[in-house]
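With the hints as your guide, set chain G with the ligands onto chain W.
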Amino acid sequence: MALVEVRNLVKHFERGGGLLRAKTVVKAVDDVSFSVEEGETFALVGESGSGKSTTGRCMLRLVEPTSGEVRFRGENVLGFSSARMRAARRDMQMVFQDPYSSLNPRMRAFTIVEEPLVIHGIGTRTGRRSRVADLFQLVGLDPAHLDRYPHEFSGGQRQRIGLARALALNPSFIIADEPVSALDVSIQAQVINLLMDLQEQLKLTYLFIAHDLRLVRHISSRVAVMYLGRIVEMGKTAEIFENAQHAYTKALLSAVPAPDPDAPRARIELDPALVNHDAPLRRIAEGHFAAV
Amino acid sequence: MVSDTLLAVENLTTVFDVRPTPVVAVNDVSFEIRKGETLGLVGESGSGKSVTAFSLIRLVQSPGRVAGGKVIFQGRDLLATSEPEMRHVRGAGIGFVFQEPMAALNPVMRVGAHIAEALIVHGLASKSDARARAVELLRAVLITDPEKRVDDYPHQLSGGMRQRVMMAVALACKPPLVIADEPTTALDVTVQAQILDLLRDMKREFDLSLLLITHDLGVIAETADRVAVMYAGRIVEQGTVREIFHDPMHPYTRGLLASIPGGGAGSRLKAIDGTVPNLASLPPGCSFAPRCPARMAVCDTAFPPVTAIDREHTVRCYLHTSPDPGARIPEPAGTAR
Ligand SMILES: Nc1ncnc2c1ncn2[C@@H]1O[C@H](COP(=O)(O)OP(=O)(O)OP(=O)(O)O)[C@@H](O)[C@H]1O
Ligand SMILES: Nc1ncnc2c1ncn2[C@@H]1O[C@H](COP(=O)(O)OP(=O)(O)O)[C@@H](O)[C@H]1O
Ligand code: SF4
Ligand SMILES: [Mg+2]
Ligand SMILES: [Mg+2]
Chain W
5 MALVEVRNLV KHFERGGGLL RAKTVVKAVD DVSFSVEEGE TFALVGESGS GKSTTGRCML
65 RLVEPTSGEV RFRGENVLGF SSARMRAARR DMQMVFQDPY SSLNPRMRAF TIVEEPLVIH
125 GIGTRTGRRS RVADLFQLVG LDPAHLDRYP HEFSGGQRQR IGLARALALN PSFIIADEPV
185 SALDVSIQAQ VINLLMDLQE QLKLTYLFIA HDLRLVRHIS SRVAVMYLGR IVEMGKTAEI
245 FENAQHAYTK ALLSAVPAPD PDAPRARIEL DPALVNHDAP LRRIAEGHFA AV
Chain G
54 MVSDTLLAVE NLTTVFDVRP TPVVAVNDVS FEIRKGETLG LVGESGSGKS VTAFSLIRLV
114 QSPGRVAGGK VIFQGRDLLA TSEPEMRHVR GAGIGFVFQE PMAALNPVMR VGAHIAEALI
174 VHGLASKSDA RARAVELLRA VLITDPEKRV DDYPHQLSGG MRQRVMMAVA LACKPPLVIA
234 DEPTTALDVT VQAQILDLLR DMKREFDLSL LLITHDLGVI AETADRVAVM YAGRIVEQGT
294 VREIFHDPMH PYTRGLLASI PGGGAGSRLK AIDGTVPNLA SLPPGCSFAP RCPARMAVCD
354 TAFPPVTAID REHTVRCYLH TSPDPGARIP EPAGTAR
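Going down the list, the sequences are from chains W and G.
Per this note's numbering, residue 5 is the first one in the first sequence, and the count goes up by one each step.
Per this note's numbering, residue 54 is the first one in the second sequence, and the count goes up by one each step.
Treat the hints with care, as some may be off.
Here chain G is said to cover these stretches of chain W; the calculated rule only asks that three of the stretch's residues, wherever they fall, bring their Cβ under 8 Å from a Cβ of chain G [unchecked claim]: (1) 164-173; (2) 211-225; (3) 260-266.
Computed list of lysine-lysine pairs in DSS-like fashion (alpha-carbon distance at most 30 Å, straight line) [claimed, not checked]: (4) K256/G / K88/G; (5) K180/G / K27/W; (6) K201/G / K180/G; (7) K254/W / K256/G; (8) K323/G / K240/W; (9) K88/G / K201/G; (10) K201/G / K31/W; (11) K227/G / K123/G; (12) K123/G / K180/G; (13) K207/W / K323/G; (14) K240/W / K207/W; (15) K254/W / K31/W; (16) K123/G / K323/G; (17) K240/W / K254/W; (18) K180/G / K256/G; (19) K254/W / K88/G; (20) K201/G / K256/G.
Restraint-style ranges between C-beta atoms, simulated for each label pair [as the list claims (entries may be wrong)]: (21) D266/W / P160/G: 36 to 44 Å; (22) H155/W / H299/G: 46 to 54 Å; (23) L112/G / K207/W: 49 to 57 Å; (24) L112/G / R112/W: 20 to 28 Å; (25) S71/W / P75/G: 25 to 33 Å; (26) D266/W / D130/G: 31 to 39 Å; (27) T74/G / T115/W: 28 to 36 Å; (28) H299/G / G83/W: 54 to 62 Å; (29) S71/W / K180/G: 54 to 62 Å.
Hints were generated in silico from the structure; no laboratory data involved.
We put the CB at the ideal spot given by N, CA and C, even for glycine.
Extracted from the complex, chain W is given alone in its bound form (with noise of 0.2 Å):
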């Protein structure tokens, strides 16, 4: 059964409108639906400003989408009264992709990590300790290192406090919005590794959002490609990978450089204007979607 289910997801946002200008509208988010199947990686991919991150934002709420549903377990959260919304919101978590701007400096970790927690009136205050405590063993953080400041970690280290914050209420689904991007090539792997061994040890859904196509290759299940706010391909990520239709994904995916002096180079560009942006997502196979 699909755990989260977004159908029909618009988020606009008005731009501008002062005296003599008129108001535009940026279509962040422009009709996308997709599921996430429990325990799956599910990944977001596209350029910059595509609305990866505003539909992310959009399924937790953390903005107000224009219009659509966001199912999970069943229940459109986009009704849910407040109080209801927060609760919900205990099984699903976001993680972030700046590690340096994401955490209070002025917080200690362990602070950081309990407050949810105490948000949600979980636990004595002993025993958050000994669960933040044990937060920090889950995400390979020295207990030791509780009362220190953010500034007081590697870039790494305070991506493992993002995640144990996370983690905190014990949550089945996360949005990982470009978690690694952020980090050093040679840390990116360690945490990587670690989502990874988090999402069998807590049978984690995700949904990863990011730049590196490599990555997604190797850790994603599904993929979907965004363009200018909209889904233009969707489907397992081998068949996406071997079997590209829309020019944006063959042209995205041409575009990774191959860590190997040898390979050979064939770069597609993209034509926007051949981009019919109006074509709806059509079955090419099993599974898999596009916009052609």
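Quick look at chain G with the ligands alone, frame taken from chain W:
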């Protein structure tokens, strides 16, 4: 062939005089760049790549200072060159492209004025024909509608277009060497691909040599002829792009290559353990030792010397300091690959 050398960096050392201990950001770095080639400088953030670049053109900001070494460019030592002469070298001799084009471009100056300024300062165009030259250069870096774009301000351009403008400025005076410091890191992969293609074309067309700084091994594999791998302020391995990718010698280089996702889907990645070193508290011996799967007792004594593996290929690691030069020590069991 000595005559082919355009830039020779010898034992360059740059120190930041910060408290409590000075930081050696660039430590005894030597490399050369030959006419028409691209040298890729790769390393993680904080390893000293940008400070190396700024040291070459003598733009290291205080509290940093170049503490030693030589930078021989076209036969003279830039570290012993007067500041007025250096101003001529920057731009006319060595052009540069930075990671964040927005920070390098003046927000209140039109695109054309940036290029015109470079041309006029170096006496390569008069005020009256600078604009026409600017349009020409914008066309060369594949900006569409260059006659219109020449009057745009930087904020009116996309990230990829700004990077093209930076390249037009860098190329304005046809310098023989261009330093590009992470020119595509802030860009989408599709735009990155266009910029890399453009760099390659420009290199051919203008007969450039290129120092390309990046942390992306894919970019290096596609673009570089030779590669220098930097770790904690030192070059730990250097060789042709094929030697580095197909026959890496240093455990750090091997670890980096092995950690690139590409194995079976869902398999664990081969990560390098530990954290990126803090330059203020490096271990006494090899700086990679705390993370190295092949660490030996000797590794903690002093930083390993340079060993020549081949004509182009050098490495600084005790696995390869054989008493019999030329003989290769077999790989130890623990080496990541
Ligand atoms: N709060 C906001 N107000 C106005 N416009 C916004 C807002 N948030 C996002 N947008 C716009 O919505 C579009 C999609 O943005 P989004 O952050 O979802 O992109 P993204 O795919 O995550 O990009 P990136 O890869 O750069 O993170 C962009 O055009 C962006 O400028
Ligand atoms: N303004 C500065 N003050 C003090 N130290 C600095 C400064 N700039 C750079 N450094 C030191 O130089 C090292 C190398 O920096 P840099 O060359 O920018 O790294 P890279 O470009 O490889 O990411 C840093 O780790 C830091 O310790
Ligand atoms: S010198 Fe020793 S510690 Fe350093 S990389 Fe070589 S084997 Fe590892
Ligand atoms: Mg985003
Ligand atoms: Mg840098």
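message = Checking each numbered hint in turn, tell me which of them this model violates, lowest number first.
response = 1, 5, 9, 12, 16, 19, 22, 24 and 25
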